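Asks: So you can see what is in the structure, the chains are spelled out below.
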Amino acid sequence: MPASPPLFAFKAVRKSFGAVRALRGVDFAVHAGEVHALLGENGAGKSTLIKIATGAHEPDDGSIEIAGEPVSGLDPAEARRRGIACIYQQPALFPDLSVAENIALRLEPAGAWRAIDWRERRRQAAMWLERVGAAIDPEAEVRGLSMPQQQLVEIACAIGAGARLVIMDEPTASLTRREQEQLYAIVRELRAGGVGVVYISHRLEEIFALADRVTVLRDGESVGTSAVGDIDEAGLIRLMVGREINQLYPAARAGAGETVLTVRDLGGAAAGIDGVSLELRRGEVLGLAGLVGAGRTELARVLFGLAHADRGEIRLDGEAVALRSPREAIAHGIAYVPEDRRRHGVILELPVEENISLALHPRIFRGGWLWRGAERLLAEEFIARLGVKTAGPAAAAGTLSGGNQQKVALARWLATEPRVLILDEPTQGVDVGAKSEIHRLIRELAEQGLAVILISSDLPEIIGMSDRIGVMRGGRLAAMLPGKARPEDVMAAALGRGESAGRMA
Amino acid sequence: MSAREKKRFGGGALLRHEAVLCVLVAAEWLCFNAVGPRFGTLENHFDILRHSVEIGLLAVAMTPVILTGGIDLSVGSLLGLCAIVLGKLWRDAGVPLPAAIAITLAAGAAAGGVNAVLITRLRLPPLIVTLGTFSLFRGLAEAITHGFDTFTNFPASFLFLGQERWLGVPAQAPVFAAVTAAIWLAVHRMTFGRTVRAIGFSPEGARHAGLRVERRIASVYVLSGAVAALAAVIYTARLGQAKADAGNGYELFAITAVVLGGTSIFGGRGSVHGTLLGVAAIAILDNGLVHARLPSEAAGVLTGALLVLALAAGALPKVLSDRRARRTPVSPSPLAKTP
Amino acid sequence: MKFNSREQVSMRTAESGMKYFRELSVAVVLFGLLGVLAVVAPAFFDARPLRSLAAREAPTLVVAAGMALVILCRQIDISVGSQFAWCGVVAGLLAAQHWPLAVAAVVAIAAGAMLGAINGALVAGLRLPSIVVTLATMVAWREGLRWWRQGQFVDLPENIQWMGFSQRAGQGMLITVGVAVLVLLAAGLRKLAAGRWIYAVGSDEEAARLAGIRPRAVTFWVFVAMGALSGLAAMMNVLQSPQVDPKAGTGLELRVIAAVVVGGVAITGGRGNLWGVLAGALLLACVSPALTYLHVEAYWSRAIEGAIILLAVIADGVRSGKERR
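Chains as they are written, first to last, in the numbering used here: chain Z, 14 to 518; chain R, 7 to 345; chain P, 492 to 816.
I should point out that these hints are in silico values taken from the structure, not numbers from a laboratory.
Misleading hints may appear alongside valid ones.
[Said to hold, decoys possible] Some but not every residue of chain P turned toward chain Z, in silico, with C-beta under 7 Å: (1) Lys682; (2) Ala684; (3) Ser694; (4) Asp695; (5) Ala702; (6) Gly761.
Everything numeric in this text was worked out from a predicted model, so none of it was measured.
Even glycine gets a Cβ: it sits at the ideal position worked out from N, Cα and C.
Excised from the complex, chain Z in its bound form:
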């Protein structure tokens, strides 16, 4: 390929939303046949950058060049015409429409009054799905598809549209290992075909495995671009946070105390787990590793009364308990910080203080009466204790950053003074600084005698934080490993030694 201007370039692009300066000068260029990784903490401006590139937002200042030619007034239709496609983390598909129609809506020309050839739509869809190696029925409704399947449909759309620039926003976040490998193969194939790929990921190892170059964004600025061969993990993290983080995980490990929670042969088809037995001791962090869909969140939901097991028993401090609803679980001292922070963890519109007291109503609001003073005191205590950065206890939780929202979610459950704390992906989508704060906090809580179950897909986190690691596969507890286990061993257990790997019901 001859030396040509970059396929797509941002030159000193700026963008503000009201008083918030989302991008304060981003330079960024992707060449044809290149996988360019984009890295940055949450809030660094990655999503704004994507939205400008796909024409959803207009930059305030700076220029966008496509194939060396400045463009202005990029809108989604124009961006699509110019061969820019984006695979979002949450695929932007139409849940009520068939796969074939979803693909067609992206590929067919504009024009409201053109007639539709359904047979041709199906033929095209089948062809593009085959190109990306997806065994999906073009007639299927998208709402019935799994997340990775939906991503494959998105990629089929992009390839079908003849995209020259494909932006992938954390595409592997919800994929199993094998699906990841499949995706990598597709990315490499795209690159070989001269497509420019912008690859956004939080997983450093992925960037080193896949990307040619990497650009780091920090506080809305591009702080550096480098070939991946010229930089190492520590260097990338340094660029991202602007400082060196020496110690990623808090070291101290207290000896575990007596058993708090005993689970025996817990199972149920509807609940999605199949005969889980485990013990949890006071002062211990039990990591739960496994692939997405291996039954970790499902187990947590059963323990929190959100789902119900058909068999098995749960004992707390030796006493058999029935957990039919979250309320009963809370009464028994179980707390669950869910995976989806924005939908389940906090209520974005409610003030921080109301979020913190939400699980405590029967305890602090005697007689159903809102004792606002008690609530405020409680909130202030936890804001100080967890170091929540907020304008005040009355600020809506939605105005906080992701990491601080997570702390609010955590505060709600710590306020219930639980015996068992279940954390489901507590650091997903949280920036590096807040992440280490949350790690420190988990360790502190364990040292104070709390029993913690830590569900995480971040292997270094699991290994760094846990005293013991339970690995789940197919709804069962496949292995129980010591805290210092090798990543390869955890992965092997999660995959069932590679051979029968995959997701199961």
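Model the placement of chains R and P on the given structure of chain Z, informed by the hints.
Replies: Structure of chains R and P alone, referenced to chain Z:
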């Protein structure tokens, strides 16, 4: 969806809305007081009160329903059905009036319970469920009366509630005040209101916080049904008759008052006092236009215009700022919500 | 729910045969009712009353078709009854002053489209919730008309009813128009890009925008179409009687929403089709006359309509509950 997110964090917006509405109600009052010579009399104010109690009751009880993100279209029909039940019990079954009233209130709560069960057990959208019961309740009222039967000749002791004065004010006013105060306290000073709001903002989030979402949602519909029955009793006492078409179209007036009062149709945001102001704005307009010798139909036109203006005033600045950002989502209809 | 991909595919294929289950089940209930009537009360199928019934319901069907577009687009329009009344009065007044019927019809449709455009501008332009906007315009238009007409009927000249044809021919033409509108709209929804855009916007607005569709434009035009169809329906109604009632269409909004919902269009937008709406509208239309023929007292009809609506949504709820498992 992100447009909604932005809209959600306008904390002071509600207070501002109520302040504007307060000014509007005052302006209305001053205007009509200047134009209509009889408008400002005490007697006329009692008249306004008497005529707005039923819709006021429905609107106040509708407020927590809409705060959960739901809606209850069946209240007008239920008012009709309850009026018929009351008349039937008293005249044909020979039940003494106090007992008949108690049974009617229980029947209203039970009818609200039908809505509640369908909405919470089967997770059906409230709009559709209550659209169905809107037809069903009115249909039952028609079936019981064969479409023409009218119950009249209620004893004076009963009509007292709707037509006479007690302690110098219309007899239904203390009832309305008590119900409103109770609902206000529940919504604004008790955990009831807190959970209702949490559910309106995010039912799943509320469930994960251990709140009893289904039970709370069920309770707002039962409350709405019981209050509709109470409104039916007062309505019957005021008019001295019960007919199957009682309360026809009241559901839309009640919803109008609630929304005009600043409660978000998407749930979560709103207040009972806002609703009261909404009811007052409509009631004064209705009455004042007559005193100003203007056609009463203008009230409907103005109410509609007011409703759009109230909403547009809130939306306009956002639309302008969004236009710059070129984000263009349309609000989906909130009816899609299921608990 | 997590399946491996092969299971997923086979499950989906099995279900695609059930794609029209909802529409078919309404049709089955409708034919069941007709079957019972055929046995018990064959008089129901006498040509004259049946034709009258169909002609009377043809305008409702047209409005229901429009409402289906609106609900598919994930909006709602409560103001159709008031639009219907205005358009009827306007068309009636023109006809009373001996304007050609074609002119009256065009003006009625244009007036409806204009009223629809106001809703559309408020919903799509200012992004106000449609349920509140159309609630407001419903009250405003209805009261405005009452203010203007003071409840007066519009008397029509002799030759207006049935367009001067025989009753039989007139009714036939109205039925034909109603069915034609429905068929054309159904075909448009399936075969035209614009039709699919309505589904797309109703299914996921953000995804539609990303696919290069302009959701606000689509929403606006859907409301305009709804208004135009209300106008057409009003004209079809005017042609059936010697007078125009300014209170016509009171309660029409909830009746047509019921027909659309019974017909299986999801209130959450993006799902459903007009054949279901046809079946739903016919089913609800048949209830009242069927009762008469079955010697059930007519005042039960409202209650039974309500029960049908509830049964339809309960069936939906039970079914989606099963899917969730």
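Asks: Each hint needs a verdict: does it hold in this structure or not?
Replies: We went through each hint and held it up to the structure:
1. Lys682: 5 Å, holds
2. Ala684: 5 Å, holds
3. Ser694: At 4 Å from the nearest chain Z Cβ, Ser694(P) passes the 7 Å test, so the hint holds.
4. Asp695: Where the cut-off is 7 Å and the nearest Cβ of chain Z is about 5 Å from Asp695(P), the hint holds.
5. Ala702: Because about 5 Å separates Ala702(P) from the closest Cβ in chain Z, which is inside the 7 Å limit, the hint holds.
6. Gly761: Interface hint status for Gly761(P): holds (4 Å vs cutoff 7 Å).
Checked against the numbered hints given earlier, this structure breaks none of them.
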